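So the protein lines, in turn, are chains A and B.
If you read the first sequence in our numbering, its first letter stands for residue 41, the second for the next number, and so on.
If you read the second sequence in our numbering, its first letter stands for residue 1499, the second for the next number, and so on.
No wet-lab data here; the hints were simulated from the structure.
In this text the structure is predicted, and so the values were computed from the model without any measurement.
Beta carbons are placed, not taken as given, at the ideal position from N, Cα and C, and that holds for glycine.
Errors might be hidden in some of the hints.
To be verified - Calculated lysine to aspartate or glutamate pairs in the DMTMM-like style (CA-CA distance at most 20 Å, straight line):
hint, chain 1, residue 1, chain 2, residue 2
1, B, Lys1540, A, Glu82
2, B, Lys1520, A, Glu82
3, A, Lys57, A, Glu103
4, B, Lys1604, B, Glu1503
5, A, Lys57, A, Glu82
6, B, Lys1540, A, Glu119
7, A, Lys97, A, Glu119
8, A, Lys143, A, Asp43
9, A, Lys143, B, Glu1537
10, B, Lys1540, A, Glu103
To be verified - Heads up, incomplete: computed chain B residues facing chain A, CB under 10 Å, no partners named:
hint, residue
11, Ser1526
12, Tyr1530
13, Pro1532
14, Arg1541
15, Leu1544
16, Lys1566
17, Arg1591
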Amino acid sequence: EADIYQTPRYLVIGTGKKITLECSQTMGHDKMYWYQQDPGMELHLIHYSYGVNSTEKGDLSSESTVSRIRTEHFPLTLESARPSHTSQYLCASTTAGTPTNEKLFFGSGTQLSVL
Amino acid sequence: GENVEQHPSTLSVQEGDSAVIKCTYSDSASNYFPWYKQELGKRPQLIIDIRSNVGEKKDQRIAVTLNKTAKHFSLHITETQPEDSAVYFCAARGAGGGADGLTFGKGTHLIIQP
Chain A
41 EADIYQTPRY
51 LVIGTGKKIT
61 LECSQTMGHD
71 KMYWYQQDPG
81 MELHLIHYSY
91 GVNSTEKGDL
101 SSESTVSRIR
111 TEHFPLTLES
121 ARPSHTSQYL
131 CASTTAGTPT
141 NEKLFFGSGT
151 QLSVL
Chain B
1499 GENVEQHPST
1509 LSVQEGDSAV
1519 IKCTYSDSAS
1529 NYFPWYKQEL
1539 GKRPQLIIDI
1549 RSNVGEKKDQ
1559 RIAVTLNKTA
1569 KHFSLHITET
1579 QPEDSAVYFC
1589 AARGAGGGAD
1599 GLTFGKGTHL
1609 IIQP
């Protein structure tokens, strides 16, 4: 089934650890995005990619980095996690076509807790 | 850049009544206005959207209206049901296009009272 998958669903780690949040989509989308969201709060764009080897920073400053080596895969990495990174991270992708036809599809998210 | 204001932050209605959530935007060039529903612990899902060349759009119990002159758009849910309880986010996309051009509102917690 075409979908966008995120792993892990929940992650609890200690300060200073390096972590990678995985995101893969089988929807054939070129554009992918990472959003940060505190529970029930607004979504903030932290990274996006228009295709392989294309990555851009979003509106919200983030200490994370991303890579896009394969179309379907868009992992997010935190080199040294801190308690301020505790949040939900949502991966998303959009349909191809003209910008006005793009619809955003979200993954189930990774809830990160840094102790 | 675009600024989207969403009101109210919390809305409680009796089951069967109607609910209205309002958003305003600042960029007169914005041309696409989606609404997302996020149930507790789940991913946001697109429920309805409207483009700037249309004033109203309906899909069963939900409808969205757009007033370009006043730069505001609203979500209307009629005959509310318990499964409508969720956080609703409006968004506006600037003329630059792409989901990176989407600005979200802060969300409305809709509570359906039995």
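A quick look at each hint next to the structure:
1. Lys1540(B) x Glu82(A): Measuring from Cα to Cα gives roughly 14 Å; hence the hint holds.
2. Lys1520(B) x Glu82(A): holds, 15 Å
3. Lys57(A) x Glu103(A): OK: Lys57(A) and Glu103(A) at ~13 Å, within 20 Å.
4. Lys1604(B) x Glu1503(B): holds, 7 Å
5. Lys57(A) x Glu82(A): violated, 27 Å
6. Lys1540(B) x Glu119(A): Roughly 27 Å between the alpha carbons, so the hint for Lys1540(B) and Glu119(A) is violated.
7. Lys97(A) x Glu119(A): holds, 16 Å
8. Lys143(A) x Asp43(A): OK: Lys143(A) and Asp43(A) at ~14 Å, within 20 Å.
9. Lys143(A) x Glu1537(B): holds, 19 Å
10. Lys1540(B) x Glu103(A): violated, 25 Å
11. Ser1526: violated, 16 Å
12. Tyr1530: holds, 6 Å
13. Pro1532: Result: holds, 7 Å to nearest chain A Cβ.
14. Arg1541: With a closest approach of 4 Å, the Arg1541(B) hint holds.
15. Leu1544: holds, 6 Å
16. Lys1566: Cβ of Lys1566(B) sits 15 Å from chain A, so the hint is violated.
17. Arg1591: Hint holds; Arg1591(B) Cβ to chain A Cβ min 8 Å, cut 10 Å.
The structure shown violates the earlier hints numbered 5, 6, 10, 11, 16.
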